[in-house]
Every structure is written in C-alpha cells, then in structure tokens.
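A.B. asks: Take the given structure of chain A and dock chain B to it, following the hints.
Residue numbers (the numbering used here), protein chains in the order written: chain A, 11 to 229; chain B, 50 to 341.
Rather than coming from a laboratory, the hints here were simulated on the basis of the structure.
Positions of the beta carbon are idealized from the N, C-alpha and C atoms, including for glycine.
Treat the hints with care, as some may be off.
[To be verified] Not close to chain A: a few residues of chain B, all C-beta gaps over 12 Å, as computed:
| id | residue |
| --- | --- |
| 1 | Asp113 |
| 2 | Ala123 |
| 3 | Ser127 |
| 4 | Leu271 |
[To be verified] In silico EDC-like pairs for lysine to aspartate or glutamate, Cα to Cα no more than 16 Å straight-line:
| id | chain 1 | residue 1 | chain 2 | residue 2 |
| --- | --- | --- | --- | --- |
| 5 | B | Lys247 | A | Asp88 |
| 6 | B | Lys247 | A | Asp94 |
| 7 | A | Lys90 | B | Glu250 |
| 8 | B | Lys51 | A | Glu106 |
| 9 | A | Lys90 | B | Glu248 |
[As the list claims (entries may be wrong)] These stretches of chain A come out as covered by chain B in the derived footprint (C-beta under 8 Å, 3 or more residues):
| id | region |
| --- | --- |
| 10 | 83-92 |
| 11 | 105-114 |
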Amino acid sequence: MYAGGVQALRGVDLSIDKGEFVFVVGPSGAGKSTLLSMIYRGTVPTRGQVWVAGRNIARLRWHEVPLLRRRIGIVFQDFKLLPDRSVYDNVAFALEVIETSSREIAKRVPLALDMVGLAHKAQAMPDELAGGEQQRVAIARAIVNDPFIVIADEPTGNLDPDTSMDIMDLLCDINMRGTTVIMATHNQLVVDRLRRRVVQLNDGAVVRDELRGGYCGEA
Amino acid sequence: MKLRTMAMLGGQALRSLRKTPALTSIMVVMACMAAVSLFAVFAVNLTAIGSQLQSQVQIRVFLDQNAPPDDKEALGRSIKALPGVTKVGYVPKDEALNRLRLQMGESGFFLSDLEHNPLPDSFDVSLARAEDARAVADGIWKLKGVSDVTYGQKWVDNLVSALRVLWGITGVVACLALIGASLIVSNTIRLSVFARRKEIEIMKLVGATDGFILFPFVMEGLVIGIVGSFAAAGLVAAGYLGLVTWVESVASFIPIMKDPIHMGFATIGTVAFGAAAGLAGSAISVRRYLKV
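Excised from the complex, chain A in its bound form:
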C-alpha cells in the first residue's frame, strides 16, 4: 500500500527458486514494477514478508539494505547510464561505490564487458551507442558484481524486436550460469518465444503462474 492509499499488490504468494528465469507480465499498473522493487527493497510492503536468500528483507535494517543490493543486479528500461562517463567507467562505477579495489575493478570490468560483447567499445560514451548497446552496458553493470539475482524491469521496452532478442539471449546466458533472472515485460514476442515461467499480475494480484507459459496463457 503506497502513501495516498493506492494498493499496488494484494495477496501475492510467490516462490522463485534459485536459477529460475521468470517473466512477470500484466497490464500497466498491475503491480509488476512494485513486485520487482520489493525484491531489492526499493519498496517495503505494508504487510507480509519478502524472503530473499533466506532473509525476510521486509524487516531488514537500513544499514543492511546496501549489502542486499550488492548481491542483486538491476536493469531498467531507461538504462540509467551516467552520460558523462565512458562505458568502462559506467560499469566500474558499480564497483567503485562499494569500495572494490582498483585491481579487482581492472579485472572484473573487462570480463563483464566481454560477456555483453562490448569490450571493443569500453572507451565510448553512452550517447555514442545504440539503444541495444546501452542496455548491454546496463546489463554489464548489473552483473559485474556477480549477483545471484538479476532483476530486469522492462529491459526491452525501448528496443526494436531484433535488438530485444539479442538482449534476451544475453539474459538467458546469464541465467544459464546459475543466476536467477526475474523480468517484468510487455513484450509478447520474447515471452512467447522463450517459453519460461510466466507470472501474470492483474490489479495487484497473481492471476496466472505457468511453468512454460506464453504471454497470454494457454487460452
């Protein structure tokens, strides 16, 4: 329940196993982003529990929140890159702010950029990149700290179908390495093509939870 009385989610009972790939679908305002936000403690539920890696994070103390977020990679539709920093620096930023050593940064950033296929554009600035490439940088930043969950909130929302599928391939690769991926999306094409677990929300409630579902369900 948000201040102002808007009830974003109600009666959600959901369990996601380690290493799963889950699509969260539903119309705008269904509560997809709020659900994802609860996993990284961007939103605290007014009632109920959110268990992540064996801890109820709804009861997490404020100084423990950064430690939780260091173990979660987050990707957004609008990329959230810093325009005045190079690709390399954008990815390194995620490690710098958690006080990782320079040596470790120099080791991990090229690996992350290599994984998303942007090692050759490390010195480019974000505005010199296409949308798909910018999203790859955002993904590199999300995975550079080896998170156990990657949360992606409409990561293909600003991309054309081909680029969207490239991004999905990348997220599948990350998932194949054992990282749990939870992705909110409106993109019917990718949900239908990948056939992964689909959790459908409507008006704040889970109305469908299908193991190898499509965007619109079996009906």
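C.D. replies: Just chain B now, with coordinates in the frame of chain A:
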C-alpha cells in the same frame, strides 16, 4: 572508509563545487562571517577597554565626623570583609584636602583661606569587579558610622549594561549569520544533489552505503564554509591591522588590542564558525533532499 575512496569522494565534491553556484555561496558565507567577525572584534575591544576602566572603579566611603577612632577602624575591617572588596585604604581628612588641592592646581588657591578642613575622613574601597559596586555600596550603607557612599554609580552601570547589549547584539548577529550561511550552503547542496540525482539513484541501486553517498555533499558544505569564512577572517584581519597601525599613529591613548595570540584565536574562531555553518547547511539538505 578507505583512503583511496575518501580521495575519490573528495574529488567528486570539488568537481561538484565547479558545477554548482558555489562561488555565490562562498561570497555570502564570507559576508556573514565578516559581519560576525567585525562585531566580535568591536565587542572584544570595548570589553577590554571596559575591563580597564572597571579595574579603576573605586567606592569612596565618607565617615561620620563624630565617630570615635576605634569605630573607624572597626568600620574599615567590616568593609574589607564584604564580598567583592579587594582593598580598603583609609584617607584622613587632611590627606583628602591635599588631594583636592593637587587636583585643583592653581584654581585651589581659595582652599588656603579655609579656617578649618570641611572634608570628612574617608575610605577608598577597591573592587574585584565593577558590577559589584552597587551591591558593595548597599552593604556599606548598612554599616554604622557611614555618612555617605559614592562610586560613580551611573557610568559603571551604563558601561556594564552597554557591554551586555553589545555582546547581545553580537550574539544575535552570530545567530543570524549562522542561519543565513547555513541556508545558502543548504541551497547549494540541494542544487548539487539535484545535479547528481541520477548518479545517486544508481549508487543506491548498486549498494553504496549511506555514508558513501553523503560524504561528498558534507565535504562540499564544509569546503564552502571554510573557504568563505577563511576569506572573511583574512579580510577582517587585514582591515584590523590597518586600523591598529592608524590608531597607534594618530590616537595612541586608545587601548586597541593587537596581540597575535588573540588575532590567531579570532581567525580560528571565524573559520570554525564558518565550518559549522557549512556542516549545518549540508546536514539540512542531506536530510531533506537526499533520502538515503
């Protein structure tokens, strides 16, 4: 926090200072701190002059002419026993007349024509603090054998209350300057937070601690406060040194303070006050706009 991290965050704070209207803030902080310094310098000097004058304050106690000598001695002891009294000197009436003659110089010729000395015996009473003059005088009045008590009551009271008012005004100016400087620093930090809101959002999402996020903004406020107040202290010190030189050459009888220890303390005090204003300004904005 690691040294490397602190250096990085310090660099961020300095970069941020270049992007926000920090120079305006520094000028305003400087003006506020200069006002406080000027008032403080004025008040300190007047207090010093006041202390010097106060140390010269004496109560004169005139004795009942018919009192026997033993009573006069007892009265002297009683006065000495009063709280706040440091010294009691007996002035026989002949000595009083001599003093009067000396004071009047050539105009005192008529004193030679007097058939008998009209002045009474008296005590000169020295005090530890001029503020106690009224209380001590009241105490003396209650003693036996006293015919009159004088102590330049009016000007002592006026001086004490004028100094109190001056320090009060200095306090009010200091409070206003602290509020003004804090608000301007707070506004600069708010702009700085706004300019870096995207960066802050990402920092939070990737797990930066609150301290890590806050540090550059606190540093920024501190730097504005220190630079502004240091400039103010420099200006006031330069102006004051000029004034000291001028006073010494033109009106050397005015006791103006000029020792380097006091000047050093004044500079350190101003800079510390400015730093406090900077920190207070940062704290206001960080609490309000940086909901970490």
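A.B. asks: Against this structure, judge whether each hint is valid.
C.D. replies: Quick rundown of the hints versus the structure:
No Cβ of chain A comes within 12 Å of the Cβ of aspartate 113/B; the nearest lies about 80 Å off, and the non-interface call holds. Chain A leaves alanine 123/B outside its interface by the beta-carbon criterion, the shortest separation being 75 Å against a cut-off of 12 Å. For serine 127/B, the shortest C-beta to C-beta distance to chain A comes to about 69 Å, beyond the 12 Å cut-off, and the non-interface label holds. With a closest Cβ-Cβ approach of about 21 Å to chain A, leucine 271/B is found to remain outside the 12 Å limit, as its non-interface label requires.
Annotation: proposed proximity of lysine 247/B to aspartate 88/A holds, straight-line Cα distance about 12 Å (limit 16 Å). Annotation: proposed proximity of lysine 247/B to aspartate 94/A holds, straight-line Cα distance about 11 Å (limit 16 Å). Proximity of lysine 90/A to glutamate 250/B is assessed by CA-CA distance (about 9 Å); at most 16 Å being required, the pair is judged to hold. Restraint check for lysine 51/B and glutamate 106/A: the C-alpha separation of about 11 Å stays at or below 16 Å, so the hint holds.
With a C-alpha separation of about 9 Å, the suggested pairing of lysine 90/A with glutamate 248/B holds against the 16 Å cut-off. Counting residues of the region 83-92 of chain A whose beta-carbon sits less than 8 Å from any beta-carbon of chain B gives 3, enough to reach three: the coverage restraint holds. Evaluation of the coverage hint for the region 105-114 of chain A: fulfilled, as 5 residues show C-beta separations to chain B shorter than 8 Å, against a requirement of three.
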